[in-house]
Amino acid sequence: MGLIIIGIVLLPLIIMFFSKFGRNKMADAFFALGDIRGKPINSLIQKVGKPNSISSAANGNMLYQWMKISGRRSAHYAILVDPDGNAIGYTHQHTT
Numbered sequence: 001m002g003l004i005i006i007g008i009v010l011l012p013l014i015i016m017f018f019s020k021f022g023r024n025k026m027a028d029a030f031f032a033l034g035d036i037r038g039k040p041i042n043s044l045i046q047k048v049g050k051p052n053s054i055s056s057a058a059n060g061n062m063l064y065q066w067m068k069i070s071g072r073r074s075a076h077y078a079i080l081v082d083p084d085g086n087a088i089g090y091t092h093q094h095t096t
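For the record, in the sequence shown the residue sitting at position 48 is 48 according to this note's numbering, with numbers rising by one throughout.
The set of hints was computed from the structure by calculation and includes no laboratory data.
Among the hints, erroneous ones may be present.
[Claimed, not checked] With a cut-off of at most 27 Å between alpha-carbon atoms, the simulated DSSO-like pairs for lysine-lysine come out as follows:
no.: 1; residue 1: 47; residue 2: 68
no.: 2; residue 1: 39; residue 2: 25
no.: 3; residue 1: 25; residue 2: 50
no.: 4; residue 1: 39; residue 2: 68
no.: 5; residue 1: 50; residue 2: 68
no.: 6; residue 1: 25; residue 2: 68
no.: 7; residue 1: 25; residue 2: 47
no.: 8; residue 1: 50; residue 2: 39
[Stated by the list, open to error] Computed spacing ranges between beta-carbons, pair by pair:
no.: 9; residue 1: 32; residue 2: 56; range: 26 to 36 Å
no.: 10; residue 1: 8; residue 2: 35; range: 36 to 46 Å
no.: 11; residue 1: 8; residue 2: 92; range: 33 to 43 Å
no.: 12; residue 1: 60; residue 2: 28; range: 26 to 36 Å
no.: 13; residue 1: 8; residue 2: 82; range: 52 to 62 Å
no.: 14; residue 1: 24; residue 2: 59; range: 25 to 35 Å
no.: 15; residue 1: 88; residue 2: 50; range: 18 to 28 Å
Computed from a predicted model, the values in this text were never measured in an experiment.
Note that the Cβ used here is the ideal one computed from N, Cα and C, for glycine as well.
Given these sequences and hints, build the entire structure.
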C-alpha cells in the first residue's frame, strides 16, 4: 500500500521533469523562426546553428539540412534556398 502511495506522488513529478527538460531544443529554435520564406539563410543559421548538410538542388537552389538525435528525441529540418541565398521554404520538418 505504501509503495502505491509513493508511486502516485512520484509519477507526476517524474513526468513533469522529463516533459520540461526532455524538450527538443532544435524544434523550439525552428518553431521560433516563424515564416521563413524570403529570409536570408545566413540569418536563419545565426538563430538555429550550422546545418549538418548543404547540398545542391535543381535550378541552382541549395538544400540545407539540420539533424539531431538525442536519446528518444530526434529532429530533421530541411530548407530549400534560392540562388540569391533566400529561403524558399521547408522541404522537410520532423520531430519526435
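Kindly indicate which numbered hints from before are broken by the structure, ordering the numbers from low to high. none
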